[in-house]
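J.: I would like the entire structure built from these sequences, with the hints used as guidance.
Line by line, the protein sequences give chains A and B.
According to the numbering used here, the first sequence is numbered sequentially starting from 1.
According to the numbering used here, the second sequence is numbered sequentially starting from 489.
Hints listed in this document are in silico derivations from the structure and should not be mistaken for laboratory results.
There are no misleading hints in this set.
16 Å max Cα-Cα, derived EDC-like pairs, lysine to aspartate or glutamate:
| no. | chain 1 | residue 1 | chain 2 | residue 2 |
| --- | --- | --- | --- | --- |
| 1 | B | Lys700 | B | Glu492 |
| 2 | B | Lys957 | B | Glu913 |
| 3 | A | Lys71 | A | Asp84 |
| 4 | A | Lys71 | B | Glu527 |
| 5 | B | Lys567 | B | Glu584 |
| 6 | B | Lys541 | A | Glu221 |
| 7 | A | Lys71 | B | Asp526 |
| 8 | B | Lys567 | B | Asp762 |
| 9 | B | Lys972 | B | Glu935 |
Please read all numbers here as calculations on a predicted model, not as lab measurements.
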Amino acid sequence: MLASKEISSVELTQMFLNRIAQYNPVINAYIALDSDKTLAQASAADVRIANGTAEPLTGIPFAQKDIFCAKGWQTTCGSKMLADFIAPYDAHVITQFDTAGAVNLGKTNMDEFAMGSSNETSYFGGVKNPWDFDRVPGGSSGGSAAAVAARLCAAATGTDTGGSIRQPASLCGFTGLKPTYGLVSRYGMIAFASSLDQAGPMAKSAEDCALMMNVMTGFDERDSTSLNRPKEDYTRGLNNMQGEQPLKGLRIGLPKEYFADGLDANVAKVVQEAIAEYRKLGAETVNISLPNSQLSIPVYYVLAPAEASSNLSRYDGVRYGHRAAEYDDLMDMYMKSRAEGFGAEVKRRILIGTYVLSAGYYDAYYLKAQQIRRLIADDFTQAFKQCDVIMGPTAPSTAFKAGEKADDPVAMYLQDVYTIATNLAGLPGMSIPAGFSPSADGKSLPVGLQLMGNYFDEARMLDVAHAYQQVTDWHTRTPDLTAFEGNK
Amino acid sequence: MEWEVVIGLETHTQLKTNTKIFSGASIKYGAEPNTQADEVSIALPGVLPVLNKQAVECAIKFGLAINAEIAPRSVFSRKNYFYPDLPKGYQISQFELPVVGKGAVTIQVPANGKNAAYEKVINITRAHLEEDAGKSLHGAVEGMSGIDLNRAGTPLLEIVTEPDMRSAAEAVAYAKKLHELVQWIDICDGNMQEGSFRCDVNVSVRPKGQEKFGTRREIKNLNSFKFMTQAIEYETRWQIETLEDGGTIQQATVLFNPDTGETRAMRSKEEANDYRYFPDPDLLPLEVTAADKARVQATMPELPQAMKTRFEADYGLSAYDAAALTASRDIADFFTATVNAGAEAKPVANWVMGAVSAKLNAEDRTIHDSPIAPAQLAQLLKRVADNTISNNAAKQVFEIMWISDKSSAESDVDAIIAAKGLKQESDSGAIEAIIDEVLVANQAMVEEFKAGKEKAFNALIGQAMKASKGKANPAQVNEILKKKLTAN
Chain A
1 MLASKEISSV ELTQMFLNRI AQYNPVINAY IALDSDKTLA QASAADVRIA
51 NGTAEPLTGI PFAQKDIFCA KGWQTTCGSK MLADFIAPYD AHVITQFDTA
101 GAVNLGKTNM DEFAMGSSNE TSYFGGVKNP WDFDRVPGGS SGGSAAAVAA
151 RLCAAATGTD TGGSIRQPAS LCGFTGLKPT YGLVSRYGMI AFASSLDQAG
201 PMAKSAEDCA LMMNVMTGFD ERDSTSLNRP KEDYTRGLNN MQGEQPLKGL
251 RIGLPKEYFA DGLDANVAKV VQEAIAEYRK LGAETVNISL PNSQLSIPVY
301 YVLAPAEASS NLSRYDGVRY GHRAAEYDDL MDMYMKSRAE GFGAEVKRRI
351 LIGTYVLSAG YYDAYYLKAQ QIRRLIADDF TQAFKQCDVI MGPTAPSTAF
401 KAGEKADDPV AMYLQDVYTI ATNLAGLPGM SIPAGFSPSA DGKSLPVGLQ
451 LMGNYFDEAR MLDVAHAYQQ VTDWHTRTPD LTAFEGNK
Chain B
489 MEWEVVIGLE THTQLKTNTK IFSGASIKYG AEPNTQADEV SIALPGVLPV
539 LNKQAVECAI KFGLAINAEI APRSVFSRKN YFYPDLPKGY QISQFELPVV
589 GKGAVTIQVP ANGKNAAYEK VINITRAHLE EDAGKSLHGA VEGMSGIDLN
639 RAGTPLLEIV TEPDMRSAAE AVAYAKKLHE LVQWIDICDG NMQEGSFRCD
689 VNVSVRPKGQ EKFGTRREIK NLNSFKFMTQ AIEYETRWQI ETLEDGGTIQ
739 QATVLFNPDT GETRAMRSKE EANDYRYFPD PDLLPLEVTA ADKARVQATM
789 PELPQAMKTR FEADYGLSAY DAAALTASRD IADFFTATVN AGAEAKPVAN
839 WVMGAVSAKL NAEDRTIHDS PIAPAQLAQL LKRVADNTIS NNAAKQVFEI
889 MWISDKSSAE SDVDAIIAAK GLKQESDSGA IEAIIDEVLV ANQAMVEEFK
939 AGKEKAFNAL IGQAMKASKG KANPAQVNEI LKKKLTAN
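T.: Set out below in structure tokens:
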């Protein structure tokens with residue numbers, strides 16, 4: 001529509017800003033908004049469109065997770081520690097969107113330092129799931145998820161350390177992709193667990209994700225873990241997904257561990273129906289095993305906190321960020337500033353991480369976890385000899401109620417039971433809307449189907465998702481926000 | 489009881505790179521506080537380290553110079569602790585797998601009293617790359633402590649020896665040798681006042697003959713050889729006295745106070761930090777290939793030992809002279825440049841070790857800022873060699889050149905010879921005429937000589953030189969006089 005000049009970027013952007021003004025006070029998807037900056041970008045985009053230098057994303061309004069530093073923008077990472085931090089530089093991802101002419105609508109809410117699966121650990125308050133305001137949107141990219149689901153943006157960015165793109169995509173009913181580790185530069189993305197963190201797109205459809213991948217990926221010498229490989233066009237295969245059986249020959253691996261105890265029966269049913277749909281599209285299914293996958297959560301909760309405990313040491317109140325108003329000496333300043341600046345979940349993980357790295361415990365925890373991490377990755381290597389993509393549920397249940405798991409960290413950690421293994425292996429993972437499941441209180445809640453691919457197989461995963469989205473309309477469903485007007 | 493002191497050194501060598509070890513900020517000394525603190529130096533949220541290739545080349549160079557194993561794969565780890573001058577809350581260093589492994593340095597311990605000079609091999613345990621911290625500025629801001637992060641991230645190579653040294657003299661000989669070597673291979677400017685070369689010295693004592701090491705104390709941050717001698721001697725005495733008084737030594741870190749000449753414990757081992765080392769997930773393991781080593785090898789200057797051997801072979805210099813001329817790169821370069829400018833090697837060696845070094849010592853200067861350039865010295869020695877001037881006259885020319893601007897016309901050797909009338913008389917006809925006059929005027933001496941008084945010959949030469957106002961070539965005078973006296 002932008003290209004055909006039916007609507008200008010400024011008009012489109014203003015439409016989203018109006019929706020944000022209307023719904024954000026309830027949903028709380030955005031932490032920072034700056035309509036002057038946003039509209040200036042939209043105007044600049046309209047100039048590009050007019051003079052014919054527009055790219056596919058020019059003029060499209062996106063929401064950016066508040067984990068990305070954006071010059072001149074409040075960049076909080078969902079923490080009191082950085083509540084007043086204005087980033088003086090742009091993250092690589094922000095630069096990529098800016099260069100493409102995209103419009104930044106604002107910074108989205110998130111679990112504090114991306115630690116959480118419900119967005120309830122945010123210093124800036126919880127986020128409502130647009131499908132049921134009593135429920136959480138998932139996390140940690142909860143603000144981006146709610147913004148995409150409630151159409152408060154065209155699409156959004158997220159980051160995924162253990163499932164933070166895919167689990168909210170499942171709980172809010174849209175398409176989210178965590179790329180292969182190293183495809184998207186982490187420069188300017190506030191670190192939680194450096195060896196696991198990866199940014200990716202959160203959008204309505206696989207096609208939109210493909211367009212965003214074209215912009216987000218690419219070598220960046222400022223990130224030593226960024227992979228130096230040729231640029232890909234992630235949309236290249238989408239048009240081949242037409243006809244009766246576009247997926248003929250595709251082997252889908254179904255890991256038995258992903259359909260065992262702990263999976264909600266209604267979710268299992270939706271996932272099985274989606275797999276049946278894939279068989280209709282020509283794919284065959286293969287039963288596989290990922291025997292070490294049940295170790296993913298314990299391994300993750302050693303490695304991620306270990307890295308986090310070190311990554312978060314820089315927030316000491318000395319140079320920027322929160323500093324206690326009064327203190328006796330240096331040690332007192334450190335302790336008070338960090339005690340006041342960090343929330344409970346962040347403190348819990350710093351404690352766990354500090355413990356597992358301590359002298360005398362390192363070998364038993366950190367080193368052991370690294371060894372098992374390799375075993376988990378080896379499971380996938382074996383599996384991909386038998387299949388092309390792996391499918392299963394994204395999350396064990398549909399969206400749960402706010403407060404339901406907030407006091408039970410282990411129950412919360414189990415939200416990521418199906419997503420964490422791919423982070424540990426560095427593999428790409430994706431969640432696509434696969435249907436709805438009724439809740440006990442009569443709500444209809446989205447269910448996600450997870451796709452896991454081999455390294456650098458994002459293009460094929462997007463094709464596979466796109467093929468499904470050609471014959472289903474789950475990804476086009478939108479929540480009826482007017483029904484919740486009373487919740488304001 | 490007779491005691492033996494055991495000493496090992498850890499030296500922090502600041503590498504001569506253009507920029508910091510993990511960012512593009514300058515490392516120039518003496519800038520205004522924090523003007524060289526970029527976003528990586530300040531450790532802003534989201535920034536990442538990128539390894540400086542130049543620093544790696546410096547480490548490889550050092551490894552090659554001490555004939556050490558260079559690790560094909562080494563790992564950067566995080567050393568976690570809180571301090572205001574440590575912006576990330578961790579220092580990036582190499583812990584388990586350093587880039588440079590075992591090597592050795594041969595030291596020359598000078599003669600001392602009845603003890604003759606000797607050589608000794610000091611084994612190097614390892615050398616690893618790490619970043620420096622910033623510094624606290626106390627009193628710079630009224631009522632507060634300031635932090636200057638200009639130095640944060642400066643590349644260091646920490647060089648660790650085995651506990652191979654048995655006296656302060658050996659430790660200082662090693663430190664001096666290392667100091668020369670790192671400048672020789674051009675990886676460090678060697679400036680000790682600016683902190684480019686800092687030594688931590690581990691000292692323990694044990695009864696002579698005992699195999700087991702005593703408990704060591706570490707003297708931190710010695711930045712002068714004089715202080716190193718004083719500190720080790722004091723510490724050794726203190727430990728021996730403590731043990732002889734029935735006390736025990738506690739492992740500790742101590743500081744040397746140059747004003748009192750004493751060492752004082754900073755912190756004991758019990759208070760030591762648990763640094764929670766783990767591999768830095770932001771940096772890939774450092775890989776050094778055979779090709780990398782070959783490339784660096786090609787840039788290596790000739791090492792002092794090889795140069796010494798060559799000087800002996802090519803120039804017929806004694807082992808002592810060759811060692812003295814290769815004691816530092818600057819001396820060797822000065823010598824080589826003078827020889828290359830056309831002077832004969834032996835006289836150059838004599839002059840460099842004699843007149844030049846005497847003058848430099850008297851004025852406390854290094855050969856690097858000698859007021860006489862190698863080309864000037866070569867010209868002077870050529871004039872001696874071609875009999876234009878005598879050795880005595882050369883010394884006068886040298887004195888004049890020393891105090892004149894080396895770029896001015898007045899410093900030209902030939903100009904000085906002409907201006908001072910120092911040209912030697914080498915015309916045999918003219919010398920013969922002078923001698924004839926002398927013989928006529930000193931008949932008595934001639935008779936004495938003929939009567940067998942050898943001394944009279946020297947007296948006649950003296951007369952001839954006097955008559956020529958010192959300008960006659962003494963060798964020619966000698967020859968002609970001898971001929972005339974024996975002919976008669």
